Amino acid sequence: MKKIIYITIFALILASCDDFLTFAPLTDKTSANFPSTTEEVKQMMAGIYTTMNNEHQLTDMSYLFVCEVASDEKLGGGGVNDVKAQAYEAFMYSDPDMLSHNWETTYEGIHRANFAIEKLDALAEDIMAVEEKNQYKGEAHFLRAFFYYRLATLYGSVPLKITTEPANLGGATAEEIFGQIASDLKAAVNLLPNKAYTNTEEGRVTRWAAQAMMARAWLFYTGFYQKGDLPLAEGGSVTKQEVTGMLDDCIRNSGHTLVGDYHELWPYTNSLTIQDYPYIQNYMTKTGKTLKYASDNGARNPETLFALHFSNFADWDVRRGYANQYQLYFALRGLQPLSRTYPFAGGWGQANSIPKAVVDQWLADEPEDPRLWASVLDIAAELPNYAKGQWDFVMESNYWGKKYNGISAREGNKYYNDYSVIMYGNKDNQQLSHGDDLIFIRFADVLLMMAELSEDAEYMNRVRHRAGLEDKPYSLENIQKERRYELAFEGLRWNDMRRWGAAYAKAALESQIGAPIYNFGKAAEYKGLNPKGYSARYEETKGFFPIPQSQINLSNGMLEQVEGYRDGQGLYPGFSN
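Numbering-wise, my numbering puts 197 at position 197 of the sequence shown, and it's gapless, one number per residue.
There could be a bad hint or two in this list.
Listed next, with one range per pair, are the computed distances between beta-carbon atoms [claimed, not checked]:
1) Q480 to E201: 31 to 39 Å
2) S475 to A523: 48 to 56 Å
3) Q336 to E539: 36 to 44 Å
4) E132 to E539: 47 to 55 Å
5) K542 to E165: 43 to 51 Å
6) G533 to A381: 26 to 34 Å
7) A167 to K427: 38 to 46 Å
8) Y504 to E118: 18 to 26 Å
9) A381 to S576: 25 to 33 Å
10) K427 to M558: 41 to 49 Å
11) K240 to D126: 57 to 65 Å
No lab work stands behind these hints, which were simulated from the structure alone. Quantities reported herein were computed from a predicted structural model and do not represent experimental measurements. Cβ atoms here follow ideal geometry from the backbone N, Cα and C, with glycine treated the same way.
Could you put together the complete structure from these sequences and hints?
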């Protein structure tokens, strides 16, 4: 957690949903007079970043939430009425505007990035030095690409709007969208300073993040669409050789590195909790290591290339997104007494239940891998007093994700909903206290992308060495497994599954069938939520989700609904035993 206040840009607040892809000024600050000072430029840039906080005010409509549930890593159960999570699990829709909040906040971010790019190009030289202006332009190009990558991988064909001029647009092709993503990232790499991350302002986009995002976009586009290279909007393409060159630059010159021990990436190793967490104490005794959370007391994590930061200023108005809501939605269900779940906090439990097949396969592949129990909570072994079936919990497994579950702390017999209450003076609130970074890109991912692109096991084995595991030769199967286990439950698995081909994705999805679960606290077997089955439904949708129907209606026929969701197809009927 960092004590950061995100300032909302004055003129670019999202307007009424009655206007398709249009935004209007709500105060006297308009495009004619904003920004006119260095401080206003900073406010303008902060406004782009803020849209990411805005998105997860409604976390169950957010990109990462959907990606986690859609993959084979999680079962989207929650309570009987948590129909969005269940619909994502089944590749169905709970209501016509199921993802409206995601759509609106993402396009809000794109509009703000468009505005910033246009205004920075026209900014007078006496207001801001060229180097600083290039930094901000690079950030805006990166963020526009980042937002479009999310839209393109979530919905497929979406409007490609790269100016602030009002327009109704139909869906662009994948080549057009990814061409723009690549052009924006190329611009970002060229504009952002070639400085080690330690010499950059924390929380801002860097050259290194742009290089990593280029690799992510290249791998998805060429894999999912079976193309040779990533196109550029202006013509030409980004080749595999160019992408590996970018990653090589990042690895050699960014200053980023792996933290010493995998556990140190996750907040349960914070200095206030670690002493009371038996699993970690046993691990340290066994290995002789002394662990410390890489972000403890506001330290800068050397493995983080790009993350969303949070603050102490969350509230139940528009500032809800200043708290890490994933640590609430992914937390153990029921808000049980913290003494039962310590050091893990309680919450909604909508999307963090792990199918047994994930654990079984991990144990078969890497029985000595410490990342398994660093990432997976064995509830029976670690929390014997946890009560299953809280409220109306369904599709509950014996395994839970540790990475984005809120972490509590205690002083004597007094428990706090999050360790940040003591460490940072945060308010003690079951739902608003959590503030750990939401990491979008970390250095281990860079190394694994480099291994996959270069087919050089050296980079993969650097990641394995950190986990104390022996070398493996390069093969696609080995890199697939390494990405699965190193990056488990971080929102990346879903697009990895898809880019490795439909057969891979279908087999992974089908592995969830037969998982032992609990419905209302009673033992059951998971049989799937879609009567057509995972493979048939994936074939119909290709893993995309429906565009909000209200946006299609507003487009005057220019937008077309995603295949598999047209004419009422794919409506989720609700949970049934």
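Against the structure, the hints:
no.	hint	verdict
1	Q480 to E201: 31 to 39 Å	36 Å, holds
2	S475 to A523: 48 to 56 Å	39 Å, violated
3	Q336 to E539: 36 to 44 Å	41 Å, holds
4	E132 to E539: 47 to 55 Å	50 Å, holds
5	K542 to E165: 43 to 51 Å	32 Å, violated
6	G533 to A381: 26 to 34 Å	33 Å, holds
7	A167 to K427: 38 to 46 Å	43 Å, holds
8	Y504 to E118: 18 to 26 Å	42 Å, violated
9	A381 to S576: 25 to 33 Å	32 Å, holds
10	K427 to M558: 41 to 49 Å	46 Å, holds
11	K240 to D126: 57 to 65 Å	44 Å, violated
Violation of the numbered hints given earlier is confined to hints 2, 5, 8 and 11; the remaining hints are satisfied by the structure.
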